[in-house]
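**Student:** These are the residues of each chain, in order.
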Amino acid sequence: MDANASARLKRRAGVVAHRVGLFLAMLLICLPGIWIVLSSLRPTVEILAKPPVWIPQQVSLDAYIAMFSGVGKGGIPVLDYFRNSLIISVTSTVIAIAIGMAGGYAFARYRFRGKSAMFLGLMLTRTVPGIALSLPLFFVYARLDIIDTHFGLILAYVALNVPFTIWLIDGFFRQVPKDLAEAAQIDGCTRWQAFWQVEFPLAGPGIASAGIFAFLTSWNEFALASQLTRSINSKTLPVGLLDYTAEFTIDWRGMCALAVVMIIPALVLTFIVQKHLVGGLTSGAVKG
Amino acid sequence: MTAKRLSAPTLLLLPAVLVLAAVVVVPLCLSFYSSFTPFRLTRPETFFTFIGLRNYRNILSDANFWWAFGRTVLLLTIALNLEMLLGLGLALLVEKASRGQRLLRTIMMFPMMFSPILVGFQFKFMFNDNIGLVNNALQSLGLTQDAIPWLIEGHLAFIAISIAEIWSSTSIFAILILAGLLAMPKEPVEAARVDGCTPWQTFRYVTWPFIMPFAYIAMTIRSLDVARAYDIVKIMTDGGPAGRTELLWTLVARTAYSDARMGVANAMAYFSILLSIIFTVYFFKKLAAARTQIGAEW
Numbered sequence: 001m002d003a004n005a006s007a008r009l010k011r012r013a014g015v016v017a018h019r020v021g022l023f024l025a026m027l028l029i030c031l032p033g034i035w036i037v038l039s040s041l042r043p044t045v046e047i048l049a050k051p052p053v054w055i056p057q058q059v060s061l062d063a064y065i066a067m068f069s070g071v072g073k074g075g076i077p078v079l080d081y082f083r084n085s086l087i088i089s090v091t092s093t094v095i096a097i098a099i100g101m102a103g104g105y106a107f108a109r110y111r112f113r114g115k116s117a118m119f120l121g122l123m124l125t126r127t128v129p130g131i132a133l134s135l136p137l138f139f140v141y142a143r144l145d146i147i148d149t150h151f152g153l154i155l156a157y158v159a160l161n162v163p164f165t166i167w168l169i170d171g172f173f174r175q176v177p178k179d180l181a182e183a184a185q186i187d188g189c190t191r192w193q194a195f196w197q198v199e200f201p202l203a204g205p206g207i208a209s210a211g212i213f214a215f216l217t218s219w220n221e222f223a224l225a226s227q228l229t230r231s232i233n234s235k236t237l238p239v240g241l242l243d244y245t246a247e248f249t250i251d252w253r254g255m256c257a258l259a260v261v262m263i264i265p266a267l268v269l270t271f272i273v274q275k276h277l278v279g280g281l282t283s284g285a286v287k288g
Numbered sequence: 001m002t003a004k005r006l007s008a009p010t011l012l013l014l015p016a017v018l019v020l021a022a023v024v025v026v027p028l029c030l031s032f033y034s035s036f037t038p039f040r041l042t043r044p045e046t047f048f049t050f051i052g053l054r055n056y057r058n059i060l061s062d063a064n065f066w067w068a069f070g071r072t073v074l075l076l077t078i079a080l081n082l083e084m085l086l087g088l089g090l091a092l093l094v095e096k097a098s099r100g101q102r103l104l105r106t107i108m109m110f111p112m113m114f115s116p117i118l119v120g121f122q123f124k125f126m127f128n129d130n131i132g133l134v135n136n137a138l139q140s141l142g143l144t145q146d147a148i149p150w151l152i153e154g155h156l157a158f159i160a161i162s163i164a165e166i167w168s169s170t171s172i173f174a175i176l177i178l179a180g181l182l183a184m185p186k187e188p189v190e191a192a193r194v195d196g197c198t199p200w201q202t203f204r205y206v207t208w209p210f211i212m213p214f215a216y217i218a219m220t221i222r223s224l225d226v227a228r229a230y231d232i233v234k235i236m237t238d239g240g241p242a243g244r245t246e247l248l249w250t251l252v253a254r255t256a257y258s259d260a261r262m263g264v265a266n267a268m269a270y271f272s273i274l275l276s277i278i279f280t281v282y283f284f285k286k287l288a289a290a291r292t293q294i295g296a297e298w
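Sequences listed follow chains C and G, in order. Last residue of the first sequence: number 288 in my numbering, and the count goes up by one each step with no gaps. Last residue of the second sequence: number 298 in my numbering, and the count goes up by one each step with no gaps.
To be clear, the hints were calculated from the coordinates, so they are not data collected in a lab. For clarity, every value in this text was computed on a predicted model and none was experimentally measured. It cannot be assumed that every hint is accurate.
[Claimed, not checked] Residues from chain G that face chain C, not an exhaustive set, calculated with beta carbons under 8 Å: (1) Pro-15; (2) Ile-166; (3) Trp-167; (4) Ala-289.
[What the hints assert, rightly or not] Some, not all, of what chain G presents toward chain C, calculated at C-beta under 7 Å: (5) Leu-13; (6) Pro-27; (7) Leu-30; (8) Phe-110; (9) Leu-118; (10) Val-189; (11) Ala-227; (12) Val-252; (13) Ala-265; (14) Ser-276; (15) Ile-278.
We put the CB at the ideal spot given by N, CA and C, even for glycine.
Produce the complete structure using the sequences and hints provided.
**Tutor:** Right, dumping it as structure tokens:
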């Protein structure tokens with residue numbers, strides 16, 4: 001009886017401790033984001049107030065309105081940056097996926113000499129830190145006169161995304177049983193047809209999530225963009241964020257608002273693909 | 001056409017190889033060459049003067065370079081280990097939860113969506129000595145009276161950067177380890193319990209070997225872009241105060257673009273590339289080993 005009661009008490013204490021731990025962990029993860037959103041909605045006076053104002057007194061969308069109403073009022077040309085970011089990210093993603101699909105299919109379906117060395121080699125090109133890569137790229141681009149153009153950044157981002165895209169897509173094609181494509185070929189499809197009508201639709205969701213991952217990488221990239229862009233011709237949002245710190249005073253509210261604008265597409269897209277993403281990365285973990 | 005069929009994988013891999021050669025390999029060869037010249041952006045003719053290993057000798061005898069190098073390794077060691085531990089803890093916490101798994105997993109992925117530059121900015125904001133959330137909270141709780149100079153004092157700035165780095169990347173470990181925990185068959189754990197293992201023994205000898213490959217995948221992914229820390233440092237302190245948080249990457253950027261000494265910067269860049277490659281190859285090997293081990297046991 002006594003042992004029973006104490007065991008039950010111990011178990012309940014364990015459950016409570018687990019809940020508290022979980023809650024604290026989630027709070028720590030969410031807090032910075034919540035704070036940014038909150039700050040973007042408050043007037044600057046409240047952000048700078050000393051002693052701090054914890055509960056927002058005035059909530060307004062002024063920062064967002066100012067930001068999107070042009071250079072004169074918002075301080076920085078956010079719309080141009082937004083357009084550049086969108087063009088560069090989308091184009092480089094589409095190209096990277098096309099190349100990545102070819103490469104990923106090769107790794108998933110064919111056996112050839114030096115396969116794992118090739119795979120490791122491709123991954124190694126991704127390890128070159130952006131800033132180290134930017135030095136020679138800056139030099140080459142300056143010679144070719146493609147600094148501060150969309151084309152230059154798109155090219156760089158395609159190369160940046162291809163290795164990881166191949167890794168992911170390789171994983172997704174491996175999850176599609178080989179027999180299906182072979183059955184289609186026996187039924188009279190060419191290998192090309194079998195790929196597009198059987199394997200591609202099955203791996204489709206995975207490929208889409210690889211695409212979104214590539215999009216996010218381009219959307220968020222900073223080290224290369226900060227050196228290869230110069231003006232509103234090609235500056236992307238992450239580089240634009242620095243415009244707020246260029247002066248002596250930092251416009252915290254404006255920066256928070258721009259941060260929210262940057263994070264929302266990323267948030268939505270990541271939410272859509274989360275399931276496939278983990279599946280693709282880990283598909284080879286157990287089976288090899 | 002037989003020749004073409006033979007080379008199908010070659011053909012499929014060709015575009016990838018071409019792009020990577022054009023954007024990564026060739027420029028890197030160029031920068032490797034220029035690391036042997038006193039090349040300055042402002043004086044193009046210096047590109048053709050060969051000075052042998054002088055750049056390397058210079059940086060190897062430069063205390064600042066070694067400080068930056070050591071600091072980078074220290075940051076990576078601290079960050080990767082803590083991320084691993086915290087990620088494991090988080091994954092175990094979430095896996096144990098009986099309700100709201102989907103919501104918890106979504107929240108867990110939250111930091112992954114932040115670009116490093118946003119992470120840097122938001123922690124710069126939170127650690128601001130005057131208006132930052134951290135100091136405001138500490139003062140409101142009465143823990144301290146004065147404004148703690150988080151980003152102004154060298155050691156504190158290093159801690160602040162580590163926290164930002166850990167916050168942003170723990171979720172990668174957590175999400176992949178959680179995937180491993182969920183994919184794990186239940187029988188071995190139950191068998192271990194029946195055989196009288198303590199919870200710790202069950203974890204150490206049954207669960208851990210199984211989720212190890214997943215942890216190494218996370219490590220490999222992380223080592224692919226360890227240099228993301230550049231963005232965070234660039235925004236939070238820009239290597240300051242007085243170079244106390246200068247990492248290899250910020251040092252390279254400063255030498256190349258502010259001082260325009262491309263040749264020296266390229267020599268330094270090769271050290272940072274080497275560092276990244278060592279990290280990646282190491283974890284890649286570990287991953288392969290862990291996979292074969294699992295294959296043998298299950």
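**Student:** Hints first: check each against the structure and report whether it holds.
**Tutor:** So, going through the hints one by one against the coordinates:
1. Pro-15: Result: holds, 5 Å to nearest chain C Cβ.
2. Ile-166: violated (11 Å)
3. Trp-167: holds (7 Å)
4. Ala-289: With a closest approach of 11 Å, the G/Ala-289 hint is violated.
5. Leu-13: Interface hint status for G/Leu-13: holds (5 Å vs cutoff 7 Å).
6. Pro-27: holds (4 Å)
7. Leu-30: holds (5 Å)
8. Phe-110: holds (5 Å)
9. Leu-118: holds (5 Å)
10. Val-189: violated (16 Å)
11. Ala-227: holds (3 Å)
12. Val-252: holds (6 Å)
13. Ala-265: holds (6 Å)
14. Ser-276: Given a least distance of 4 Å, the restraint on G/Ser-276 holds.
15. Ile-278: Violated. Min distance 9 Å.
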